[in-house]
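Engineer: In the order they appear, the protein sequences are chains A and B. The first sequence begins at 1 in the numbering used here and counts up one residue at a time. The second sequence begins at 1 in the numbering used here and counts up one residue at a time.
These aren't lab readings, by the way, just hints derived from the structure by calculation. Keep in mind that the hints are not guaranteed to be accurate.
Claimed, not checked - Restraint-style ranges between C-beta atoms, simulated for each label pair:
hint, chain 1, residue 1, chain 2, residue 2, range
1, B, 67, A, 171, 51 to 61 Å
2, B, 92, A, 236, 32 to 42 Å
3, A, 65, B, 116, 34 to 44 Å
4, A, 236, B, 74, 29 to 39 Å
To be verified - Cross-link-like lysine to aspartate or glutamate pairs, in silico, EDC-like; alpha carbons within 20 Å at most:
hint, chain 1, residue 1, chain 2, residue 2
5, B, 211, B, 169
6, B, 100, A, 138
7, B, 100, A, 220
8, B, 211, B, 228
9, B, 211, B, 15
10, B, 211, B, 38
Unchecked claim - Stretch-level coverage of chain A by chain B, calculated; a stretch enters the list once three of its residues show a Cβ under 8 Å from a Cβ in chain B:
hint, stretch
11, 41-53
12, 74-85
13, 99-112
We put the CB at the ideal spot given by N, CA and C, even for glycine.
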Amino acid sequence: MRHFRTLLAHELRTALLAWSTWASAALFLALMGALHWFAVLDASQVPQEGTPLESTFQLFWAPLLCVLPLLTMRSFAEERRQGTLAALLTTPASPAAVVWAKFAAVWLTWMTFWLGFTAFPLLVAQRLAGGADARLGDPVTLWGGFAFIAVSGLLHVAFGILCSCLTRSSALAALLTFVGLLAFTAAGGALEKLPIESWEWLGWLREPAAHLRTFSHMADFTRGVLDARPLVLYASGMLLCLGLAVLAVEGQE
Amino acid sequence: MADVAPLPEAAVAAERLTKRYGSLTAVEDLSFTVAPGEVVGFLGPNGAGKSSTMRILAGTMAGTSGRASIWGVSVALDPAGAKRHMAYMPENNPLPEDLKVEEYLTLRARLKDVPADRVAARVAKVMDDCDLARRAARQLIGQLSKGFRQRVGIADALLAEPKVVILDEPTIGLDPHQIVGIRDLIRSLRGQMAVLISSHILHEVEQVCDKVVIINRGRLVAQGRTEDLRRQLIPTANFTVVTRADLAAVTAGVLAAEPAALVEALGATDGWHRYRVALPAASPARETLAGALVAAGLPLREIAEERIGLEDIFLAATRRAPADLRRP
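Okay, chain B solo, but in the shape it has when bound (with noise of 0.2 Å):
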């Protein structure tokens, strides 16, 4: 029986990594890990880091300090090694302008160490995959619009089925039927190879990633489960209320159900006012908060618990000063 090689704990793991440019720190103290056949989502303002540290990962760029491995092979010690186990795409995507795609493909899993056999089927697979086959295959790179460049960066990815995959950006102008495909194709991934991918589109990373991972000035300022990170960054839940009363019954009515509470108006249309109430996340009146208001007579036309997607954890992430950085 052939032997299996055991997974490592982490199939991308960066401990205490450091970039610097000169005066400038890029990318501080930076420790995360990605666990085999999860999906990561890495993201941070612009000029956070992400693609520094997604370069360093990828062997294309040498860290200050740090030590980063990819399937528990050390970038800095064996690069070839960790890119055996990697595919990367970085932000631009730099291609080839005056290769085919189907040429540009075979080539890159030629050196990607594909199986001379097996070449021409992963090739077929891979643009099968990212729809390339029936219109780009045969199409000189430079006339590929921007949708079907990114394209062929992520097939070239996926090319060698490696264990690790680094996306910078792999949705930079696509188009919203082409970020569906993109999504599809990387939830597919799951369970099968580790991915890293950064984005500004939250939505997208918040519908793929199983967690994320989020930096700020180089810097870890949160990781986890989106469920966890809400817990752990909002401490509080909003419910909007619209109601004819005043500010002073609607606080009266809120502060009966918990004194903690706070009121915020939002301001008014045709009489009806809207309020923000802000409880402590973890208090019982959630629950009891309609039942409290209806009770103290107010007359009530909606209320409804907002939705703390990914897009408010990350602007509470990222908010945050950098002596709060500092704590633990």
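Bound conformation, chain A alone (with noise of 0.2 Å):
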């Protein structure tokens, strides 16, 4: 891993020059810009249980499988496409370096777009200053979802990095991660609404589902309840596919 910094530096570098980096930028804003102005004017109009804030976080899946794809799809498909991975890989870079930095790459440059997102409700916030409740910008929701996507991110980001280790076509890589999340964000949900209760033989399942309920989390992070158990999922999933990835580049040498 001596060669980490060196390649992380690349990474952020090439992400910066970018145009897709920009372009997936510019969509992340608008859209959660959308849905955040939605939230609020729909509790301006009808009373509702949560705030906009928490009502916004619990749309981040609408980011996570239209932007992040777009983030990861790139990272080692586009090389391989080209050969540079090749020709990096001739260099005493190890394989485990060089999927670490794009890794933290992808991650920082997804952290990023989530910390441009705050300004929004700050700005609500400071717009409705004095009429408005206090609670559109409340900080532990703000940086409690925050953290979930910073916690969740580690393994929706290794995640499509693994993707991309697959496969040469960058539209390949961006679909096998935009199905993968979507069953892994939908699957505690749809889990829990099977009748399991009633096949004994599914039992073993309901402590599995149990874990698996991502809406949960981001619910129990914005209210400012921080357990161990979600840390331990997302960190060992990461851990996982970052292995898996490391061995499918080791395995294209």
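Fit the two chains together into the complex; they arrive one by one in their own frames, and the hints show the way.
Structural biologist: In structure tokens:
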């Protein structure tokens, strides 16, 4: 991992100069801006159970499925297509260093996007200061939600990186990431909907399903409840995905 | 006094390398060595297995069996260690389009463990050596011509002053001026680093390389110095004779000098006949043929020994039948 910092600096610089990063950022901010705008409008017209910020964070799956695949898809697939990955691996830099550097660069970019989003609730709270509900820019909700994005992003980004390792086609990598993230995000809720109680042979699924409740995790974080179990789930999932990605890159050598 | 590590016997060693893609055998039981400081040409027809062999040696592809080592370090067991001694420029020379030449070489220097305080100096040196400093240093790689891209690849290979450089078709796509430049550059590396170079321009290889390794259908068919291969693979000395005499008269005159000689008519122009006379390579008649033909009364206009170049050696080596290849 001696070359991690060199590779990370290179990846961040490449991301900064790539038009696709800026296009993704514009799409992300437009999407999140619109979602938050409608959440605030709804709250102003009909009494809501939660704050607009909580409602917006509950829609985290929209940018996750629409924008994150755009960030991860090119990381390995494009390099494999151009042959530059093979050239990179002729240097003493290890496949692990390459995988971790690309992962860290995309994760930091993803976090930067969400950091940009934090401007929206802060602006709303500032503009409506005085007559508005103080919870519009509640720091616990805002930074709790941000912490959830950061923690869950470990697994989400790692999964996207793994998908990009598996193909030379960026489009296929994006599609795989989309389907995988959709399945993972919906899995907990879908399993809960199944009549598991009435099927004894499916009883063993009850406990794993409880761990996969992504939306419950988000709700906990936005309420300021920090549970160790989601941390373990996302961190171990990240390690698994990145480990498989390293194996995939080594296999291409 | 600082200890000086002893030189390994072979800078590059391939021992019984085999590479199979499913049922297709690309490289089979291939063994050869490159000594430190030696420049070796790696030749073979298209699809002979040259690029596969080079990729195995460079550690970018695993062999099916056999051993490859660079500067005494096993490529399979210690790939990072082997890569520290070696630089590899692949055939299609993939480069990132969106980096400037100087930025790319700086990145590669850091990844190749060039000391931080020497990175700028090494980048400047290789850009100067490869004639990139004046026109291309600040250009995006994606905007460079094929020739300049090849130079960037070679500059990258020389960056960390490796002990072994493996170049797969470095002169492909270059114009004659650029080829001469690359040839001089490679020639200047002799004695400093071991160079394994594949090329289809045999004339260039002959001028630059100390020895050649020739493979066909994944198997070694010849290796050694050009002179040795010439004796080994082409056991005849060919002469071109131009005379007004007919085939019978020429044959009689030649056989008088060397009973094992062969004469072949090549054609005639304005009454002058052109013949090829093949003598055994060790025949003393090589020195007396002209005198013997004159003594036989043949009106002789021209006699010249045909130069046997690497191209002839290559063709002779790669034409050998599979049965011949199995002979020791």
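Engineer: Each hint needs a verdict: does it hold in this structure or not?
Structural biologist: Hints, verified against the model:
1. Evaluation of the 51 to 61 Å hint for residue 67 of chain B and residue 171 of chain A yields a failure: the beta carbon distance comes to about 41 Å.
2. Taken as a hint, the range 32 to 42 Å holds for the pair residue 92 of chain B and residue 236 of chain A, whose Cβ atoms sit roughly 40 Å apart.
3. Remark: the range hint 34 to 44 Å for residue 65 of chain A to residue 116 of chain B is upheld by a beta-carbon distance near 42 Å.
4. A beta carbon spacing of about 34 Å between residue 236 of chain A and residue 74 of chain B agrees with the range 29 to 39 Å that was offered as a hint.
5. About 17 Å separates the Cα atoms of residue 211 of chain B and residue 169 of chain B, which keeps this hinted pair within 20 Å; it holds.
6. Only pairs whose Cα atoms come within 20 Å are accepted, and residue 100 of chain B paired with residue 138 of chain A is rejected, the gap being roughly 46 Å.
7. Taken as a hint, the residue 100 of chain B and residue 220 of chain A pair is broken in the structure, with Cα atoms around 47 Å apart against an allowance of 20 Å.
8. Among the hinted pairs, residue 211 of chain B with residue 228 of chain B is consistent with the structure: their alpha-carbon atoms are about 9 Å apart, no more than 20 Å.
9. For a cut-off of 20 Å, the pair hint linking residue 211 of chain B to residue 15 of chain B stands: about 18 Å separates their Cα positions.
10. A C-alpha spacing of about 8 Å is found between residue 211 of chain B and residue 38 of chain B, which places the hinted pair at or below 20 Å, so the restraint holds.
11. Counting residues of the stretch 41-53 of chain A whose beta carbon lies closer than 8 Å to any beta carbon of chain B gives 0, which falls below the threshold of three, so the coverage claim is violated.
12. Check on the stretch 74-85 of chain A: 3 of its residues sit with their Cβ under 8 Å from a Cβ of chain B, so the three-residue criterion for coverage holds.
13. Beta-carbon proximity to chain B at under 8 Å applies to 0 residues in the stretch 99-112 of chain A; the threshold of 3 is not reached and the given coverage is violated.
Violated hints, in rising order: 1, 6, 7, 11 and 13; the structure is consistent with all others.
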